[in-house]
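**Q** Chain by chain, the residues run as shown.
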Amino acid sequence: MTEPVAGEPMPQLQLFVVGDEPNSRRARANLGKITAQFGHHLDRVEVVDVLKEYKRALDSNILVAPLLIISTATTRVTVAGDLTDLEKVVGILNSLMERQ
Amino acid sequence: MNEGKPPPSGAADEARAIAKVPTGIEGVDQILHGGLPEGRLTLVVGGPGTGKTVFGLEFLYRGALAGQPGMFISFEERGEAVRENAATFGWDLAAEEQAGRFYLLEAHVDPETVVSGSFSLKALLALVEAQAKAMGARRVVFDAIDVLLRLFEDPKRERRELYVLNDWLAERGMSVVLTAKTGTDAEALRYAFLDYMANTVITLDQRVDGQRSTRRLRVVKYRGSGFSRNEHPYIIGETGLALLPVSGVELGYQALGPMVPSGIEELDAMLGGGYRRGSAVLISGTSGTGKTILVASFARAAASRGEKVLYIDFEESEAMLVGSVASAGVDLRPALEAGLLRVQATAAESVGVEEHLINAHRLFDAFAPDHVILDAASSSDRLGGAQAAYAYLVRLINLCRNYGRTLLMPNQLSGMESSEAVSGLGISSLVDGVVFLRQHENNGEITRTLLVLKARGAAHSNQAREFRITGSGIAILPPYIGEAGIVTGIARQQQEAREAAEDRRLVRQIAAKEAEIAHLDASLSAQAAVMHASIEQMRAELEALRIEQEERTRGRQVRLGIRLTERAGGKTGDV
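Taken in order, these protein sequences are the chains called R and G. Per the numbering used here, the first sequence runs over residues 866 to 965. Per the numbering used here, the second sequence runs over residues 1308 to 1882.
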């Protein structure tokens, strides 16, 4: 794990879920683990419930759920699923931060 | 594929059948017996370029125009591409979007998407539900659903998601069209289960016949409804998808109608009264035999009775046609001006068979002609080979027959065909009538004859008749059968002169003979009178001789009696 360089923009996380259905619930929990691990290296972490904010989901072209969008100023990576495979997400975050 | 049950076909069954939403796509509702199943799932499958997207989009666009809002979810094409596609058909999607009757969701699946754990289509369904509710949409199209399904990387999961989708749609009563590519065998196999899941399955197919590609649409199954099981040719035309009912069986052929005058009185007599309405008649002949003039005469006569004629001309423009027959005294202008004659001049090779047929079909609908002329059947060869020509003619014949429209088809023979070949197209058994025009050269002069080879349902003449193209149309001459068969032209005149001379000679000879007989007769009478006189004289002389003979006999007896008396009276010494 690389230490972030201070002053550089940090990744934003947006997790789209569908209410309280099982996959979405697991995804929320897994997102919690990720934020706990990366904490101060993340710019913003947001959970969007498609059932409540469908317009935002429409704008972001959300077709499957749960869906995590990891974005920086120059890159956008989408991760579909309940994030059970935490290592994948961690790997993505690390590589993004290395590029910063 | 229809659960082993025959589809309901009777009127009562149809009435009991499920509710339907019309697609509004030309010809499609006809073969679906009303439209797609309302509140159910319809699967449209086909290879690339078969028009699946157009089908889905048109279903929504026509619905929107009819006041039924719809959503289009595009998984493959960019929204811009979809809008451009629609614009080429003259569909104003923007207007429908602004009016809240059309919504385009560009559901672009990021191919870089990383998968981590399980997910579902619930987000999509939530979006669709919310948006549909907001605009009151009951029609939804998922275009290229297979692109989205690839995200699951597992056929089993794909299948599960689709079943979820199906149930979800059924619960909400939405009429859904799902399109999927089945270009390869692997794809076809992968999505074969969709066929079972969907209530209705339509396949679109594109193949190459000869030099041209043809497209076919087929309804594979339709739960709870009757439908046409045939393959139907369709085109992606100027205003969208258009489909043509190919077989007349489903519509039922109409029986041949009453006699329709041909526009030439003598020809009517030869045809046994005229052409039968709704019949297909081939006017066959080599170049310059007057085929076009013959059919133009028919068009003019029909229009003068107030009947409408559609003239499909593969040979020349309207102006050329009008001009060429005018020189033969057939003026088509009044019929054109009255709107009773419409000339559709088009190059045979300009578009494919399907487009030609659909254009004809549209004209049939818009113009509702009583009669149709195709000039010329032989030009259909230029549609892309003999097979295409055959397909076109068979379908045009059926199309006319179904609606009871008379179809006259001038057909140019190359002159190379055998004498039995009347069409050179293999369609002579399909037509109801054949009028055969021939030209003969005799003593350096061309003469023309007309023969009715076939006229179904009529007692037609079997005699070839000479005709002339005069300044006032076609004139059929009275039948002339001479000693040496049918003779025409100068030969005919010479023959007639010879015959007349012969007649005159005979008359003279007969008169002479009669005179001779009369003379002999008279002479006989005279001679008889003379002989009678002689006989009478002879008889008289004979009588005189007999009287003389009697007197002489009597005299002798008298003298004998005197002598006997003298002896018996005493003369002794003297005896």
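Quick caveat, the hints were computed from the structure, so don't treat them as lab data. Note that the structure is predicted; figures quoted are calculated from it, not measured. A couple of the hints might just be wrong.
Unchecked claim - Straight-line Cα separation of at most 20 Å, DMTMM-like style, residue types lysine to aspartate or glutamate; simulated pairs:
{"#": "1", "chain 1": "R", "residue 1": "K953", "chain 2": "G", "residue 2": "E1413"}
{"#": "2", "chain 1": "R", "residue 1": "K953", "chain 2": "G", "residue 2": "E1404"}
{"#": "3", "chain 1": "G", "residue 1": "K1440", "chain 2": "R", "residue 2": "E918"}
{"#": "4", "chain 1": "R", "residue 1": "K953", "chain 2": "G", "residue 2": "E1436"}
{"#": "5", "chain 1": "G", "residue 1": "K1440", "chain 2": "R", "residue 2": "D924"}
{"#": "6", "chain 1": "G", "residue 1": "K1440", "chain 2": "R", "residue 2": "D914"}
{"#": "7", "chain 1": "G", "residue 1": "K1528", "chain 2": "G", "residue 2": "E1572"}
{"#": "8", "chain 1": "R", "residue 1": "K920", "chain 2": "G", "residue 2": "E1413"}
{"#": "9", "chain 1": "R", "residue 1": "K917", "chain 2": "G", "residue 2": "D1417"}
{"#": "10", "chain 1": "R", "residue 1": "K920", "chain 2": "G", "residue 2": "E1419"}
Unchecked claim - Residues of chain R clear of chain G, computed beta-carbon distances all greater than 10 Å:
{"#": "11", "residue": "N895"}
{"#": "12", "residue": "T943"}
{"#": "13", "residue": "A945"}
To be verified - Here are the simulated distance ranges between beta carbons:
{"#": "14", "chain 1": "G", "residue 1": "I1325", "chain 2": "R", "residue 2": "T949", "range": "21 to 29 Å"}
{"#": "15", "chain 1": "G", "residue 1": "Q1513", "chain 2": "R", "residue 2": "T949", "range": "19 to 27 Å"}
{"#": "16", "chain 1": "R", "residue 1": "Q877", "chain 2": "G", "residue 2": "A1326", "range": "30 to 38 Å"}
{"#": "17", "chain 1": "G", "residue 1": "P1462", "chain 2": "R", "residue 2": "D950", "range": "35 to 43 Å"}
{"#": "18", "chain 1": "G", "residue 1": "Q1405", "chain 2": "R", "residue 2": "D950", "range": "38 to 46 Å"}
Backbone N, C-alpha and C fix where the C-beta goes; we use that ideal spot for every residue, glycine too.
**Q** Against this structure, judge whether each hint is valid.
**A** Now for the hints, and whether the structure bears them out:
1. The straight-line distance between the Cα atoms of K953 (chain R) and E1413 (chain G) is roughly 28 Å, outside the 20 Å bound, and the hint therefore fails.
2. Pair hint K953 (chain R) plus E1404 (chain G) does not hold up; C-alpha atoms about 41 Å apart against a cutoff of 20 Å.
3. For the hint linking K1440 (chain G) to E918 (chain R), the alpha-carbon distance of about 14 Å falls within 20 Å, and the restraint holds.
4. A distance of roughly 32 Å separates the Cα atoms of K953 (chain R) and E1436 (chain G); the hinted pair therefore is violated under the 20 Å criterion.
5. Between K1440 (chain G) and D924 (chain R), the direct Cα distance comes to roughly 17 Å. Compliance with the 20 Å bound is thereby established for this hinted pair.
6. Restraint check: the Cα-Cα separation between K1440 (chain G) and D914 (chain R) comes to about 18 Å, which is no more than 20 Å; the hinted pair holds.
7. Of the supplied pair hints, the one linking K1528 (chain G) and E1572 (chain G) is violated, its CA atoms being roughly 53 Å apart against a limit of 20 Å.
8. Distance restraint check for K920 (chain R) and E1413 (chain G): the Cα-Cα separation of roughly 13 Å lies within the 20 Å cut-off, and the hinted pair is therefore satisfied.
9. Simply put, K917 (chain R) and D1417 (chain G) have alpha-carbon atoms about 24 Å apart, too far for the 20 Å limit, and the pair is violated.
10. The suggested pairing of K920 (chain R) with E1419 (chain G) is violated, with an alpha-carbon distance near 24 Å, which exceeds 20 Å.
11. Not every Cβ of chain G is farther than 10 Å from the Cβ of N895 (chain R); the closest lies at roughly 8 Å, contradicting the non-interface assignment.
12. Annotated as non-interface, T943 (chain R) brings its C-beta within 10 Å of a C-beta of chain G; the closest such distance is 5 Å.
13. Once the 10 Å rule is applied to beta carbons, A945 (chain R) is inconsistent with being away from chain G; the minimum gap is 5 Å.
14. The hint said 21 to 29 Å for the Cβ distance between I1325 (chain G) and T949 (chain R), and at roughly 42 Å that hint is violated.
15. Against the hinted window of 19 to 27 Å, the Cβ-Cβ separation of Q1513 (chain G) and T949 (chain R) comes to about 43 Å, which falls outside the hint.
16. Between Q877 (chain R) and A1326 (chain G) the CB atoms are about 48 Å apart, so this pair departs from the stated range of 30 to 38 Å.
17. Range check, P1462 (chain G) to D950 (chain R): Cβ separation about 21 Å, and the 35 to 43 Å hint is violated.
18. Between Q1405 (chain G) and D950 (chain R) the beta carbon distance is about 44 Å. The supplied range of 38 to 46 Å therefore holds.
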